Structures are given as structure tokens and as C-alpha cells.
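Asker: One letter stands for each residue in the lines below.
Number of protein chains: 2
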Amino acid sequence: MSAMIRVSGSSMTTAVAGAVAGVVRQDGSAEVQAIGAKAVNQAAKAIAIARVYLRDDGIDIVTIPTLVDVEVAGEMRTALRFSVIQRADEAGREPA
Amino acid sequence: MSAMIRVSGSSMTTAVAGAVAGVVRQDGSAEVQAIGAKAVNQAAKAIAIARVYLRDDGIDIVTIPTLVDVEVAGEMRTALRFSVIQRADEAGREPA
Numbered sequence: 001m002s003a004m005i006r007v008s009g010s011s012m013t014t015a016v017a018g019a020v021a022g023v024v025r026q027d028g029s030a031e032v033q034a035i036g037a038k039a040v041n042q043a044a045k046a047i048a049i050a051r052v053y054l055r056d057d058g059i060d061i062v063t064i065p066t067l068v069d070v071e072v073a074g075e076m077r078t079a080l081r082f083s084v085i086q087r088a089d090e091a092g093r094e095p096a
Numbered sequence: 101m102s103a104m105i106r107v108s109g110s111s112m113t114t115a116v117a118g119a120v121a122g123v124v125r126q127d128g129s130a131e132v133q134a135i136g137a138k139a140v141n142q143a144a145k146a147i148a149i150a151r152v153y154l155r156d157d158g159i160d161i162v163t164i165p166t167l168v169d170v171e172v173a174g175e176m177r178t179a180l181r182f183s184v185i186q187r188a189d190e191a192g193r194e195p196a
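Chains as they are written, first to last, in the numbering used here: chain U, 1 to 96; chain G, 101 to 196.
I should point out that these hints are in silico values taken from the structure, not numbers from a laboratory.
A couple of the hints might just be wrong.
As the list claims (entries may be wrong) - Quick list of simulated restraints, FRET-style, between CB atoms: (1) G:E171 to U:E75: 26 to 32 Å; (2) G:S108 to U:D60: 27 to 33 Å; (3) G:R125 to U:S10: 36 to 42 Å.
Claimed, not checked - Partial list, derived from the structure: chain G residues whose beta carbon lies under 10 Å from chain U: (4) S108; (5) G109; (6) L167.
As the list claims (entries may be wrong) - With the Cβ distance kept under 10 Å, some of the chain U side facing chain G (calculated, not the full set): (7) I49; (8) V62; (9) G74; (10) R77; (11) S83.
Remember, predicted model here, so these are calculated numbers, not experimental data.
Glycine residues also receive a C-beta, built at the ideal position from the N, C-alpha and C atoms.
Full structure from sequences and hints, please.
Answerer: In C-alpha cells, the structure reads:
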């Protein structure tokens, strides 16, 4: 289980990207969670930026988005969780 | 080059998910583009849903988000582009 990075609509994308890159460097993967459109947008942008940071270290990341129900202040909300994992080296395919 | 699926803030997530799943089944990969927080949120949710659809067919997808500059009505905008690709079978790792 890698660290969970919670992103809000006011999170700075570069700060989140730095956190994602740091966790991936240390643990090999990261989990990013966002609730609401603004937060999801910041999270997706941050992962795109983290991808650039990590590419410089020779680390190639992909992400798996999943919808999960989470309780926030006693209320059920649907969150988007992005599992950030390293791409299998042997895949070696670039997206078309 | 796989088909580009353009997502707006008012796109239905299940409709986009169906399109993503259909293109991946046919071409092996898909490209999804969204501009603005609402559209990015719909796109990310749709990919999460497409992942469930495709899993039933034994297809395991991951996505690579990239920030790209696109011209819309003569104006430069930053879009999020999600490359949806199949996960390398040999990777066989589940996210932590």
C-alpha cells in the first residue's frame, strides 16, 4: 500500500506533482484521490506533470482511474482514485 | 494513431465509456481529450467505467495523461489528453 495523496480543487498542480513523483521514487507507486470536478482536474494535471518529472529519472508512469465510494464528514461521496504505477519496462510501446 | 474521443463537460460518462471501450476493442488503444475541469472529470470517470467494461472482455487498460496545447476557435487552450492503452500482460502487477 503506497501513500494516499488527497487532492482538492485548490491544490497546486506542481505541488501535487512533486508529491506524486516523490512517493513513486520512494515506494514505486502512489495513490491519488480526488472528489469533485475541480479536484479531479488538478489531480489529472498533476499526474501529467509528475510524468514529466519522473521521465527525467528514467521512470515511466501510467495511471489507473477507479471510482470509489468514500465517506466524507458522514456523507457518502464518489471519489476518483488514480493508482500511479510504473509501466512495465518490457512493454516498450508508446501510445499511438 | 487511434481515434480521438473529445469529451465536454456535458458528455455522459457512460456514453464516453462505451466509446472508449469500443475503440480499444477495435484498435487496441484510444485517445481521449478534454478541456476544462468538468470535461476532465467526465473523461477520467469515463475511463474508470470503460476499464470495468473491458475487464469483462479480459482487456486491462491503463491511461497516460498528457498536457497539450490545442487551438480552439482561434484561441490556445491547454487540454488534457488521456492515452488509453492496454497494460502489458507480462506486468501482472496489481497496484498496491
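Asker: Taking the hints in turn, state whether each one holds.
Answerer: Quick rundown of the hints versus the structure:
1. Distance hint for E171 (chain G) and E75 (chain U): a CB-CB separation of about 41 Å, inconsistent with the stated range 26 to 32 Å.
2. The supplied range of 27 to 33 Å is met by S108 (chain G) and D60 (chain U), whose beta-carbon atoms lie about 30 Å from each other.
3. With their beta carbons about 39 Å apart, R125 (chain G) and S10 (chain U) fall inside the hinted range of 36 to 42 Å.
4. Given hint, S108 (chain G) at the interface with chain U, is violated; its Cβ is 12 Å from that chain's nearest Cβ, farther than 10 Å.
5. With a cut of 10 Å, the hint placing G109 (chain G) at the interface with chain U holds, because the nearest CB-to-CB distance is about 8 Å.
6. Hint status for L167 (chain G): holds, given a least beta-carbon distance of 5 Å to chain U, under 10 Å.
7. Interface hint status for I49 (chain U): upheld, as the beta-carbon distance to the closest one in chain G is roughly 7 Å, under 10 Å.
8. A cut of 10 Å between beta carbons decides the hint on V62 (chain U): the least distance to chain G is about 4 Å, and the hint holds.
9. With a cut of 10 Å, the hint placing G74 (chain U) at the interface with chain G is violated, because the nearest CB-to-CB distance is about 24 Å.
10. Interface restraint check: R77 (chain U) against chain G, minimum CB-CB distance 13 Å, threshold 10 Å, status violated.
11. A hinted interface residue such as S83 (chain U) counts as satisfied when its beta carbon comes closer than 10 Å to some beta carbon of chain G; here the least separation is about 3 Å, so the hint holds.
Violated hints, listed in ascending order, are 1, 4, 9, 10; each of the other numbered hints is respected by the structure.
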